[in-house]
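*Asks:* My request is simple: use the sequences and hints to build the entire structure.
There are 2 protein chains.
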Amino acid sequence: MIQIPQGFRLAAANADFRGKRLDRNDLSLAFSDVPATAAGVFTTNLFRAAPVLVSEEHIKDSEGRGVRGVLFNSGQANACTGEEGRENCLRSLAMVSEALRAAGEKVSPSDLLPASTGVIGAQMPMDKWAAAAPALAASLGSVDIEGLARAMMTTDAFPKMSGRELSLAGGVVRLAGVAKGAGMICPNMATMLSLVMCDASVDPAAWRAMFRRAADATFNRVSVDGDTSTNDSLYGLANGASGVVVAQDELPLLEAALVEVLSELAYMLVKDGEGATKVMHIHVIGAASDADAEKVTRTVGHSQLVKTAMFGRDPNWGRIVAAAGRAGVNFDPMALRVTLCGVELFRNGRPTDLDFDALLKEPLKNVDLPLDIELGTGPGEARLLASDLSHGYVSLNSDYRS
Amino acid sequence: MIQIPQGFRLAAANADFRGKRLDRNDLSLAFSDVPATAAGVFTTNLFRAAPVLVSEEHIKDSEGRGVRGVLFNSGQANACTGEEGRENCLRSLAMVSEALRAAGEKVSPSDLLPASTGVIGAQMPMDKWAAAAPALAASLGSVDIEGLARAMMTTDAFPKMSGRELSLAGGVVRLAGVAKGAGMICPNMATMLSLVMCDASVDPAAWRAMFRRAADATFNRVSVDGDTSTNDSLYGLANGASGVVVAQDELPLLEAALVEVLSELAYMLVKDGEGATKVMHIHVIGAASDADAEKVTRTVGHSQLVKTAMFGRDPNWGRIVAAAGRAGVNFDPMALRVTLCGVELFRNGRPTDLDFDALLKEPLKNVDLPLDIELGTGPGEARLLASDLSHGYVSLNSDYRS
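Quick mapping for you: the protein sequence lines, in order, are chains A and B.
Reminder that position 219 of the first sequence reads as 219 in my numbering, one-by-one numbering, no gaps.
Reminder that position 376 of the second sequence reads as 376 in my numbering, one-by-one numbering, no gaps.
These are computed hints drawn from the structure, not numbers from a lab.
A portion of the hints provided could be inaccurate.
Where chains are identical, the list cannot tell them apart; a pair therefore holds if satisfied intra-copy or between any two copies.
[As the list claims (entries may be wrong)] When the alpha-carbon atoms are kept at most 16 Å apart in a straight line, the in silico EDC-like pairs for lysine to aspartate or glutamate are as follows:
no., residue 1, residue 2
1, LYS60, GLU165
2, LYS271, ASP156
3, LYS361, ASP399
4, LYS295, GLU56
None of the values given here were measured: they were computed from a predicted structure.
*Replies:* Laid out in structure tokens, this is it:
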């Protein structure tokens, strides 16, 4: 069981945002007893939801002051909702902070960061926010990490959590992360939301920089369907409640632990991708540059032909080779080597003489499929986790007028 | 019925390249009575099949001399087959030219351009080539355009043909085109092969330049799954047998007719894409540049979320808007307009107030779905035809170990 870092309390409530009277929470709060240093990494989509824009502003305004919490709701994404959506977002923060003040917490709306996932284009039902805010505040401290992770879920099959404890010179610090993945609701949008809480005291600039790097090494190295949502957000709060100050030379240790937490969450996102039955662990080496290697991982990992082959447990070297060959990077086709689940499929411009069917029949039944691609050109390297493409994916994403 | 341009004779035979003793031809030849000016546009994949490499060489060597024909086979792609594959390719040309010489035609192997589609990585069965070459030569002149188009097919559902007649100052000239599309065979590879025959006399440099431009405006503006094969090839032969010389100022007329022929073939490729039930006609205007507009067409047209929505007849503006927003081009989200089948879905940063379900229920049952996207930024414009993503696609491409 993952421990909540010191000085954080969690809350959750059922606001019935979906209007289906489901017996599950869809509103949650990660709250810090003291102002925390905040980091945020947000979607690169030109269309950015109201909570993304407001979170960015609040993080910027918080410099030197701190952030008290992240407020999650599932059911409405509050994206493509215009000025009214922005006002509703600010109102939702005001309602929750008022309820928290009524419960004795000194907090203002600008101390909170909003994060939304769900239907886009629809305005949030503010009466439901008003009704649920007191229940949310009342639950503060009674919710565990799994409860927080569950309240964020949309069509996720399982809650996504990861944690680490780290012994530093000043003592033990904790990291606890939650995420929700590529679940879709109508009108559908895959949104990734994630939060990592930490009870160390960390230099704000260092904290933000390590989040950008860690996100690039983890969440930006996974792919379910190549689409990016209007709401993708990763938050980091470091509140210092452990009393441990991270020294300059300990920052790499903290960053390594952060990368581990985010890596575990990122893996879970792919494994729980819509209709996913496989996780391809694509590793490209020998490219002219890391950027070239990344292009190859993405072209292979996004190839519908490769993805359907993995779903069909088909050691189809031809599709992998052809995807590498059209990635737009230069390499010598004769130098290419492709190895799937440890079995070399392609070398010297031709398939190897191995009996792929016999050797790979059992390994291809596994969920995790290592796919190693050597370009033989230079030192460039990259990794990507990618899901397969199944009937389940098509069903989930086309089931509208059945 | 599409007429064969003057001075061309067609041949076809059943070489049983698939080894399944099917009652269908898999070997065919488009033969010109006189040397023809040849154009070729080939795959940009780094992995290029032996027939692609040999065709390029023969076209280059033919300058000032001409090409006599294009030799198609389906069943073996002769890709990723190394030096042996190249030798087999040259041997196949030698066998066919020898059979043609025995039938009285003065032709050498270097007068022919090879084009292959089918299994990759396997060597061609040269005994089957030897056995079938005389039958192919004997059939010369007895095959019509549809027979040629049928012999090229792999898993294509229908033969793809298109033709035009054009009145020029010197008389009437004919264009006749055939193509095969994104059919897959195991180990699977989508290959596009196409040939346009013309009986006009055209300046070689002008003929080649118009093919490059016409391919860019047509075949390079369609997408089934975004993958490019090792064998994609477009051939053009102009033999002058009509006696009509295309004047300098008539070249645009000929090019316009060529674009029409290739456009019709390209449309058929998408319509017959694997598992395709829809053809999205994506038209982006108002981009900063044509290149930006093209990026948006490709991001939307390749989006698995958009493609599954179209399969599900779901007017999912959110997926279209989000795909445009992640295309990597700059525009003002508030200026974006999205119109599907003539119904405006999105404007001013929000969905419109129209009743999409009622208005689009019937139109979304059509095969052809116009999707217009205005970015409101500049004069850039682009078009793309893209198929949807269906259960049929997943079945065709994952059905390996069922």
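*Asks:* Taking 16 Å as the upper bound on the Cα-Cα distance, should LYS361 and ASP399 be classified as within, between, both, or neither?
*Replies:* Classified as between: cross-chain Cα gap 14 Å, same-chain 32 Å, threshold 16 Å.
*Asks:* Reference check for the pair LYS271 and ASP156, CA-CA at most 16 Å: within, between, both, or neither?
*Replies:* within (10 Å within a copy, 34 Å between copies)
*Asks:* Given a CA cutoff of 16 Å, do LYS295 and GLU56 count as a within-copy pair, a between-copy pair, both, or neither?
*Replies:* Neither. Shortest intra-copy (29 Å) and inter-copy (28 Å) distances fail the 16 Å Cα cut-off.
*Asks:* For LYS60 and GLU165, with the copy left unspecified, which applies at a CA distance of at most 16 Å: within, between, both, or neither?
*Replies:* Cα proximity of LYS60 and GLU165: none, with 29 Å in one copy and 67 Å across.
Comparing the model with each earlier hint shows violations of hints 1, 4; every other hint is respected.
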